[in-house]
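Next come the chains, spelled out residue by residue.
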Amino acid sequence: MRQALRYRWMQGVSIAVLAALVTTCAVFAPLYDRALQQSMVRTQLAHAPVDVSGIRLVSLTPDVTGAQPLNGQDLAALVPPSVQRFMQPAVTSSTLEVGTRPFNVAAKSGSLVSRSGACRHLTFVHGRCPTAQFDIAISTADQHNYGWHVGSSIPITELVTNVLPSKSAHATLHVVGVYSAHPGNYWFKATPTGQSGLTDPVTSHAGHDWWITPASTMLAAPWAAPVNEADLVMRTDRVDLDRLLALRAPMQKFLASPVPVIGNGTGQSSAYASSGIVDLANAAAHGRDQANILVPLFMVQLALLIALTLWLVLRAAIDQRRPEVALARLRGRSSAGARGMLLAELLPLIVVGLVGGVAAAFALSCAARHTWLVAGAPFEVRPPVLYTALAAVVGLIGMVLVAAQATATAAPAELLRRVVPRRRGWAMSVGDLLVVVVSGAAFIAFATGSLSGPVGTAAPTLLALAVGLLLAHALGPVTALVGRAMMRRGRATGGLAMLQIARRPGVRKIIATVTVATALLTFSYDALAVGIGNRTARAQAETGAALVATVGGTDVAATRAALHDVDPSGREVTPVVQLTAPGEQGTTTLAVVPSQFARIADFPGLDPAQLPWTRLAAPKTPPIRLHGTQLTLQLASAKLQATGPEPIPGAGLTPGQLQAVLVNSESLRTVVTLGELPIAGSSRHSLSVSIPCAKGCLLTGFQEYAGGIHPPFTTSATLADASVSGHPVDLGSAGAWRSITAAGDGSMTTQGANGSLGMDLSQSGTSAVAIEHASVPARIPALVSGPLPAGSQGNQFQAQGLDGILRDVTKVGTLAYVPGSDPDTTLVNLDVLQRDGAAPTSTALVQIFFARNDPALLAKVSTALKAHGQGIISTISAAQARGVFDRSAATWALQLGVVVGATAALLAALVLLIAVATSWRLRSRDYAALRMAGLRRRQLALISVGEQLPVVIISVLLGVACGVIGAHFAMPHVPLFATPPAIPVINLSISWPAVGLAGIGALIVVGVVAWLSGRWVAGRAHLDSLRETL
Amino acid sequence: MSGAAISTRGLVHIYRSEGHDVAALSGVDLSVRSGEMIGLLGPSGAGKSTLLTLLGGLFRPSAGKIYIGDHELTALTVKELDRLRAREVSLMLQGASRNLLPYLTPRQNVEFAQRAARRDSADLPDVGEVLDRVGLSEYADHHLSGLTPGHLQLAAVAVAIATDPGVVLADEPTSQLDHEARDTVLKVLADISAQQGTTVVLVTHDPQVAAVMPRTITIRDGRIGGEGRAGEEYAVVTADGFVHLPDHALAALPPGTLVRVHDQDGIYQLIPEHEAGGTPGATKEGS
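Chains A and B, in that order, give the protein sequences.
Letter 330 of the first sequence, counting from 1, is numbered 330 in the UniProt record's numbering, and no numbers are missing.
Letter 20 of the second sequence, counting from 1, is numbered 20 in the UniProt record's numbering, and no numbers are missing.
Excised from the complex, chain A in its bound form:
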């Protein structure tokens, strides 16, 4: 047997390698699948915010019973023990909101925090850790911004909603240390620093960083609203996929069940818990399910391709041994003996392949874990590995037994025939016909939608198998016809090559394999490229730009000013304000500067230049600009005339106030009272009022405010000769103003001529009646993605304004999606939205979109923001977002396409080599005979190459076509993401560059092998090979 192996060592190596590859696929799939899932969990946990992977329990006093909240230890004890073992010891904290006394406009406000073990996570630049009651440590920023230092005493008052600061508990704190904080999970995503120096746009108070104090401070005074917390950080090193999934049930139960309300003697306190562990577990389960489908599908297809190749090789090898089996039978060996002779030679090769394949799978798994996957994913040999290894053993041995059966049981006389009998013409074997029918039917089922699901990824292989087998059977008769025709025309070289193809089964056997291999290669690379493209597109679309920074606070004006300082042209950075609708029904409003947004935001799949940005422009009526500090004008007014009874006795008319509505340079609305509208007699007088418009204002409206409860009335007023700081102001025509008073509350109409503006007022309610200038849009134009919200009429609907109050909006265009926003978004012009001077709501999210992910640019913007009292609290880049997608189970599974594709291409080449290895003796004798008949060496080389090259070229082209067609049907079933994108950015179009690369690569690999091996065979056509050879 050793001699036999040595004699056909190339064939032996081929069989062993193919068996090893089949085994590798079988064993690697579950190993990789598991490692992938573990990596996915590690990545999830590593990238999950600490408050998502951990548990936060909060207790506060929701009522006014005076009850104290549960302390941190009591809170931590609520967590089920089965969960606690995977959590670090709870960090307990108690927080008070405090302000400095006296609590006036100059007061500083912020948090006083007692947090267990805090000093271990701080570096004290000055002083020490506070240990005594009322001792505090302040941040270096506080020291710098407010001048506090070690030894300072700071009188404070507790800030409690609905309680005057003067009535709240108060104390004097002593600064004993100045710290800088170490970032880390200890803080449970909170930021001890970063608030110092920032101004709250609502309260206008400057903020301070956390003041760290010992627990005794929290016990020293009757604080009204302490918030106690227990933060449990997950021990991610102890949690793998199984444990995370095991945590799901108890966490679901824990979070769903009401936390017990516990009496503590003075009242009742309650607590609530928050955690994202259940979501993480669900995501892990989803990823696991995706991987469980994708990985086996890829590997099974590859394994089947290799198994098909191995089958062909085994059949060829056994055919080659027919004379030897014949000899054995001739010398009395029985069928069983002949089978044993075959198995004795082939089974050791299979066993070597099995052992090598298992070793290769382990090695490959290790390599994958250290390269593709997250380092540190455990190496686990679980039952599926044993099952698949066993399946490989059974499958491979079974394959050898089946392949050997026909030869082993053939009659000796049959074995003695020099040429293996085969079907002629178009006939197919039952087995091949069955494979063609089954694979063709399965593909048609996928194509017509009768079958669906991720298993559809097998479509390219099925199609290629059916087409390849059909071609393999058709090629013989076709090439015979062509060859004979060429011979008749005297084209001997080409004709002989064609006839050789027709008469030789070996070359035709490679067709199916090369077709399937190329289809698999094409599909794998297309899937890979489509996956990369979609991950990039989704990352760009969901992030919004190359880099997006979120600004702390809601001061849009300060942010815009800072950005203007850095980039006056708006080519590198642009402000974006996001207003998320409360509840699930409304749309998100995204306010942008259209020209800048179009340049800077990422619009994968869209051409921003083609979008209708101009429709978002402000009204054509120019705004009335005021620039100065003193507004003078003439006010002539008639007396107020009651038009109805007093609503309550004694509630008579009082003089009304005529007010001007201004929007200052920071786009904030200011109301300035111009003068009184008398209740007795008409008046006409000159007014001069101070206005806060040194940096410029827009005059956007007038309103009359009567105040209190009064009967309905009418009156009129005329404004004329308006000027600001000596510069005349044109109030515009009457048509440039419109009433904005709600129906039922009255009306305010305008008439005017000769530079004056007359107003007729009718007030029937308690609200002010008002007019608004036409430069403020009555309906805000918007580009909309997704459906319009409920209640919309035609293109008109309502969306949130900056202040969170609904505005009338008109849809002027549609977008497929809005970068960086929700699927249902109303995109408006920030300048237009700011025309009415509404102050941003506290829930407004102010962001900065960067044209490029440039740390230097980010630093410049940060500095500029700081100069305007603003700061960046977080950043996200498209690359980071892409990185998250890259580390998903779906991506890792798709990456297998690289291995599968490359292996398929090499396999195609290997099949060709094996075909040559098993037929070269016969072929070279044929060529030697042709040489004796007078053909030249060059012609022989052409015949030999021509016998192979056209076949592989046709096979590759067919394989590419099958790959493309298969991908068209299969890609919709391939999960590209762990969760489907909300924004419609998925593009499953064929990646022609990838297809081209795959096709050219396959052509080069198998083409070169076909060319070289063809020439090599022709080169061995020596005349002495015509004599009887061994």
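I should point out that these hints are in silico values taken from the structure, not numbers from a laboratory.
One or more of the hints may lead you astray.
[Stated by the list, open to error] Below 25 Å or equal to it, Euclidean Cα-Cα: the simulated SDA-like pairs (lysine to any residue) are:
no.	chain 1	residue 1	chain 2	residue 2
1	A	K860	A	L416
2	A	K811	A	V832
3	B	K79	A	A410
4	A	K695	A	G726
5	B	K79	A	G340
6	B	K79	A	R322
7	B	K79	A	I876
8	B	K79	A	T409
9	A	K189	A	S109
10	A	K639	A	A742
11	B	K65	B	V212
12	B	K65	A	K253
13	B	K79	A	V402
14	B	K65	B	L76
15	A	K189	A	Q73
16	B	K79	A	F254
17	B	K65	A	A413
18	A	K695	A	K811
19	B	K187	B	S2
20	A	K866	A	R882
21	B	K79	A	K253
22	B	K65	A	K695
23	B	K79	A	S335
24	B	K79	A	V593
25	B	K79	A	M486
26	B	K79	A	G726
27	A	K620	A	A636
[Claimed, not checked] Here are the computed distance ranges between Cβ atoms for each label pair:
no.	chain 1	residue 1	chain 2	residue 2	range
28	A	I1004	B	S145	36 to 44 Å
29	A	Y7	B	H20	53 to 61 Å
30	B	A249	A	H1022	42 to 50 Å
31	A	G376	B	H143	54 to 62 Å
32	A	H1022	B	H143	37 to 45 Å
33	A	H1022	B	E72	45 to 53 Å
34	A	W9	B	R9	45 to 53 Å
A virtual CB, placed ideally from N, CA and C, is assigned to each residue, including glycine.
Chain A is fixed; fit chain B onto it per the hints.
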């Protein structure tokens, strides 16, 4: 093992291929004594190789019976046929290489040939002795690719006699050999027949080989057409009365000629119809 007699009765074999029936043998009656060495002669396609493979038990005849020693081949099961080939009947295929495993040495090839018989615990000759009989001891462990064609044929003979069979059926054992090698192979086969009592049936085209055979059987058109003994050629009357005319008689009596068989005191004459009453054109004498 001593030689085994061979006998066939009414042997008919028809090949069926793609809708055509071809009668390769049409009633062959043959008797070969134990230890005898005969040559099977005849033109290509006459049925020599078919007869040989039927004797070797590779095919079952379409009709007729074959006896090898005490065995009636047509009645044997597949296993019994295997056993017969393992021990008693050895077939040498045309072309030395077809009888040898190319990756084994002559010694290993002989061992390979003995393997099936050894399983039946048969008393087998020593491999060295077998190689010695054919004069190949010197090359026992040489690689086959290093042997001359003559040596290769001797190796094939060694494989054929590896189990000391009763019958050796050799198909063209001297083809493609030079005279010296041919003579050596023939001598070895003759020695085996003489010394071991092995029955040897040898198919050949070579008249010089036929000339040294003690007995030759000529097959023509699937029938036994003649027999030569000690250089004398005889026509053979078959069981159905058929006599194949020698070539010179056939030239005088072309196919289609009507003849009258005339018995004249034990001498049989064939008188063509057109010469009836005249001088016979050809006669066939028999007893």
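- Decide if the proposed pair is consistent with the structure: K79/B and M486/A, CA atoms, cutoff 25 Å inclusive. 51 Å, violated
- Message: Does K695/A sit within 25 Å of K65/B, going by the straight-line distance between their CA atoms?
- Response: Violated - the C-alpha atoms of K695/A and K65/B are around 127 Å apart, more than 25 Å.
- Is K79/B within 25 Å of T409/A, Cα to Cα? With a Cα-Cα distance of about 12 Å, the restraint between K79/B and T409/A holds, given a limit of 25 Å.
- Message: K65/B and L76/B were given as a pair; does the straight-line alpha-carbon distance stay at or below 25 Å?
- Response: 11 Å, holds
- Message: Need the status of pair K189/A, Q73/A: alpha-carbon distance at most 25 Å?
- Response: At roughly 20 Å apart (the allowed maximum being 25 Å), Q73/A and K189/A satisfy the hint.
- Item | Distance restraint evaluation - A249/B, H1022/A, Cβ atoms, bounds 42 to 50 Å | Because 49 Å falls inside the window, the suggested range holds.
- Message: Assuming the hint says 37 to 45 Å, is it satisfied by the Cβ distance from H1022/A to H143/B or not?
- Response: 19 Å, violated
- Mind checking the alpha carbons of K65/B and V212/B for me, to see if they're no more than 25 Å apart? 29 Å, violated
- K860/A paired with L416/A [C-alpha distance capped at 25 Å]: Answer violated: K860/A to L416/A is near 87 Å, above 25 Å.
- Message: Against the 25 Å threshold, does the CA-CA distance of K65/B and K253/A hold or violate the hint?
- Response: Not OK: K65/B and K253/A at ~89 Å, beyond 25 Å, violated.
- Is the gap between the beta carbons of Y7/A and H20/B within 53 to 61 Å? Check failed, 39 Å falls outside 53 to 61 Å.
- Message: I want to verify a distance hint. Is the separation of the beta carbons of G376/A and H143/B within 54 to 62 Å?
- Response: Cβ of G376/A to Cβ of H143/B: about 56 Å, so the range 54 to 62 Å holds.
Of the numbered hints given earlier, the model fails hints 1, 7, 11, 12, 16, 18, 20, 21, 22, 24, 25, 26, 27, 29 and 32; all others are met.
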